[in-house]
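Hints in hand, dock the two standalone chains.
Which chain is which? The protein sequence lines are A and B, in order. Under my numbering, residues 4 to 336 are what the first sequence spells out, in order. Under my numbering, residues 1425 to 1807 are what the second sequence spells out, in order.
Read the hints as simulated data drawn from the structure, not as lab findings. One or more hints might be untrue.
Stated by the list, open to error - From chain B, some residues computed to sit far from chain A (all C-beta separations above 10 Å):
no. : residue
1   : Pro1468
2   : Leu1479
3   : Met1500
4   : Arg1543
5   : Ser1715
6   : Asp1728
7   : Gln1762
8   : Pro1767
9   : Asp1772
10  : Met1792
11  : Ala1795
12  : Tyr1797
Stated by the list, open to error - Stretches of chain B that chain A covers, calculated by requiring three or more beta carbons in the stretch to come under 8 Å of a beta carbon on chain A:
no. : stretch
13  : 1565-1578
14  : 1585-1592
15  : 1612-1619
16  : 1781-1791
Ideal Cβ positions, reconstructed from N, Cα and C, are used throughout, including at glycine.
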Amino acid sequence: MSAEISAPAAPLTMAKAINAALSDAMAEDDKVVVFGEDVGALGGVFRVTDGLTAKFGEERCFDTPLAEASIMGTAIGMAVYGFKPVVEMQFDAFAYPAFEQIFSHLAKMRNRTRGAVPVPVVVRIPYGGGIGGVEHHSDSSESYFAHTPGLHVVTPATVEDAYSMLREAIDSPDPVIFFEPKRLYWSKANVALPARTGPIGTAAVRRPGTQATLVCYGQTVPICMAAAEQAAKEGIELEVLDLRSLVPLDDAAIERSVAKTGRAIVVHESVGFGGFGAELAARIAERCFYQLEAPVTRVAGLDVPFPPPKYEHWYLPDADRVLDAVDRALSAG
Amino acid sequence: MTLLDLSARDREGATAIAVRPAWDSEPLRYLDEHGAPVEGGARPRPESLAPAALLRGYRALRFARAFDTEATNLVMQGRLAVYPSCRGQEACEVAAVHALTEQDWLLPTYRDSAALVLRGIPAVDALTLLRGTWHCGYDPKQWRTMPQCTPLATQGPHAVGLGLAAKLAGDDSVALCFFGDGSTSEGDFHEACNSAAVYQAPVVFLVQNNQYAISVPLHKQTRATSLADKAVGYGMPGVRVDGNDLIALTAVLGEAVDRARAGGGPTLIEAVTYRLQAHTNADDAARYRQSAEVEYWRHRDPIDRLARYLTAIGALDATVEAEIDEECEQYCERMRAQFAEEPTYHPDEMFEHVYAEPTTQLLAQREMVRAEYGSGEGEGAAQ
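This is chain B alone, in the form it adopts within the complex (with noise of 0.2 Å):
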């Protein structure tokens, strides 16, 4: 096939890519898109598989999707300067947070806010990048936890210090990095992989692979057939998994992790999930890929999926449901709330925390700033 064959025409023209995906394999799963558990497929720990537990990552799932949404409200009033939504996503953000202790570390994309709020942090502090209040809006050392970024896979080398750091302190805790498919074409995706390889650092890197890196496909990233398979050339483990089987997911995790913290060094695990919102809200997915292909996987939901089997297990039902739907509600009410608040900014701020102590230069722009601005609240004089 040519380089031609294979490009994406946009919804008018002529189909070049097939709606359901040419994988040489299925990634392993639990349950099938029906919600029945598959013949051979992943084998959780019994424990992960009890009813309480599963209904546990249910309500994470259904919370992580009803923040989501608030998010992209939020972005749609203009209270939010940008929001990248992880919709259709949301079993890898629940699987990762629920695979990792709060002494584990946790490095997230700037789509994964999801994770962060599933994490504890208040929302209004974890989108605080996104608002555009400032660039960080929590304490990365009290949530273990660090920034988003716009950087890609800058994290990776990140989560290879933080692991090595925990091994050479003989502490077990481990280090758990989201990439996207996109990043894994980045360098320091490389580097970040061979490293912890070379070190054993107890890193576990999860890749969201969406399949578009904004609305460049897969196809054009990569002519692996799996991203997981570079684990191979980094001498570590790679499992690639349908991001969209939480159960699997906390299977895979839950080993990757237990790998970490055992001494037995990194793994890479490809979550093949998908993206069903735009890049983000200033994206229009139209132009780059086709309706039909979103239709195909808005039916592989990963909360539709785990919830048919939960029901066909009896842990499911109605009543369960609408509690869920009351405490996602509340949720978001306290969200609306705190979002309705607008913060006030100063100038000063900008001079704080440039070094440990502002050097005598800061300090002259400090007051020629000051000067300028006046005494008043509220936004500074335009420059």
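The shape of chain A in the complex, shown without the other chains (with noise of 0.2 Å):
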């Protein structure tokens, strides 16, 4: 990203920051392409790709025909030939189709040609609930992409971020699956563009603490703010560490923290067996053994399918079931 002069700070959406990201990514360099299914005239059901058609034409962001596995795939030719292709999958659920062009070509065309054949592709993925969409719209399938070598998987949970990580990812060699946050679309905040935050791969403490790490990303980190908030009110003092990134994985943030506050607990929305949370108990476990005061726990989506709107409450993990880790956290040993 070259330095530039920004604009003075003014209130801006998570949806408006990736549409200006996008839009200045595009501007910048003309090998970037934007495509998906109604991302064009439309703009994005989330209206994330609003005015892009117009601004730059129907070569620079068009609309595709309904086949996402198709999309993944032309995305992967474009690439190889040199173009920078984003493309989105509608929804969390809608890349399943995706999901062999993906992990069998995306993930692997470096290594499989030795670095002769980078994929600099970036997906944009909506994910997660909370906003009583009915079935296969509120999915959070992280732990697929973070699971397979060969990607980059990163969430901003915050409008700066959305924005800075976004650009990188665009700028990346590597191919990005780039999860954004739905139930944060709207969230605002004051955000002078173009803005730059820390680089992907890097943590960030979002509220510093000492009895307790709230290891969370995308969806939760303001579920754990609210929580955090909610816990000084008694005074206990949460440290709230937003990763960001899922691969490449801040292990020194995560010691840091965990070396400082003696306790770990995961939050993340998505299925808790098998999840991403999983893995990262298990690393704590493994490096941070001796500075724990309690077991790792993790505050999870439940191991059901993700239920219908109606349910959703009971299912998606809240400020209060975080504050049920806590106590149980502190209470331990």
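So this is what it looks like as structure tokens:
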């Protein structure tokens, strides 16, 4: 990203920040192309690609047939040629038809060709629940991607990060799965664009604390912040660590935090069993065992298919469930 | 007919499959199986009928056969981990490669190793995947030839991406994508054809219908009487051609490549051919097909057919054949020499190209494996 004079900070939603990142990236590099279902004329079902076709034309931002596997395969082919495709999977679960292309090719092409063929594709995926969506509109599938070597997997929780990390993802020579927490699309912050936050691969302490670390990302970051605020009223200081990037993972930041607090609670919305939190808990146990005052626990989505909207509130990890886990951690030993 | 009626029986059982294919219509051809031009057949460009051009094609067929035979020998000697032969399908391999220029892209299946070497890729590099040395032994960007891999039809959307990219970049290169008949059942085949037509991408889809997907015959793969008919559904031209007739293939492929290059969009070509060998060296074809059927197709060998025609027009004689024999033998000797050298392996290579830069976690794992491996050459310690 070139050095520019920032516009003054102004209120910006996460959706608009992503839109601005796409627009700025496309303006700077004509190899960047955006495509997917409904991203062109409609501007995306969440309006995240609004105005891009009008500004850059149909050869830079276009609508595809309804076919996720071919959207991904076409992106791969275009990346091999020399373009930088930024494709959208309209909702998390709609990426499933594209899994073969993602896991068999997007993740493996660099390795398969010993570095001769990088595939600098960004796959934008709105994920997570809490919006009252019917089945298949609220999944969180980040574990499958994190489990597949060759992919970078990132998820912003703040408006600034949404802009900065998307710009960085587009510039990256690696394929990046960019998970957008859809419940936070309309969250607002005062941001000066172009924003530059920490690099992909670094975590951020959103709230320093001393008694326990809440390790979280994406949709659960505001949940953890709310829990920490609540806990502070009772004199309990919780540290909230926003991972930002699942792959590459900032082991050092996690270790620093847990060494300080002695207690780790992982909070994520996706299914707990076999989820990314399991990896985090294992790593913390392996690396920080002697600093731990309590077992590492996870507050995660229930091990059930994401429920209908009327049941959602029982499923989603909320501040109360997090605080219950904090209580157990504090009273351990 | 019930499904049972259509079931293949093994060589001991009753004959349910007719030896002679029961097609509704014959595919487009220039030469019949005896090497004589047919009435009302394919219309090649005059320059491709010049003896010199035909002889070039014939040499390439013989070369492809020699390569395939040598690779078959290598796998029997244990120098390749697996080899899916294209014996009998050489006309498709040659015609496809000769229809393209160096700026065009070729997307092979795992059976198209002959096409790789025809493209110019050294045999030892082309066969890296099948040898088990690495997943791809050549630089796809250098050769404009994508890697072979096992997943079926997934290369279809890649072809569309390459074609669309070329179109958007304003260059007139074309992507030629191979498929087998089996992979026309895969979703990616459908999506690739559909999106290529929607985008009017400069792609040529070449389906080598060799009648079998491992053991599954075409009539269990589709009820369509012609794979080329599927093109209608996608809104692009479809042509069903005799895949053992190099002249007809040259005509059809030339037209399709020209159309794509001129901005006329994609074409679906079904080349009707036959897989003379089993699926790979690990397969036993006698379990699902009859030797009479194989013999039927041996008499329609693409090389013999063209040889008869070339001999009839005076372009081929024993002297030329002997020259070609010698060239092929020299190539195979060089190939054997290349394969006699055992490559070296190092576990570090597993970590080098996972990402542009290895993660700290990967570096730690690399150290762990290095410690297990020690400092010697050759294969690492058993896990």
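Problem set entry | Violating hint indices (sorted, rising) | none
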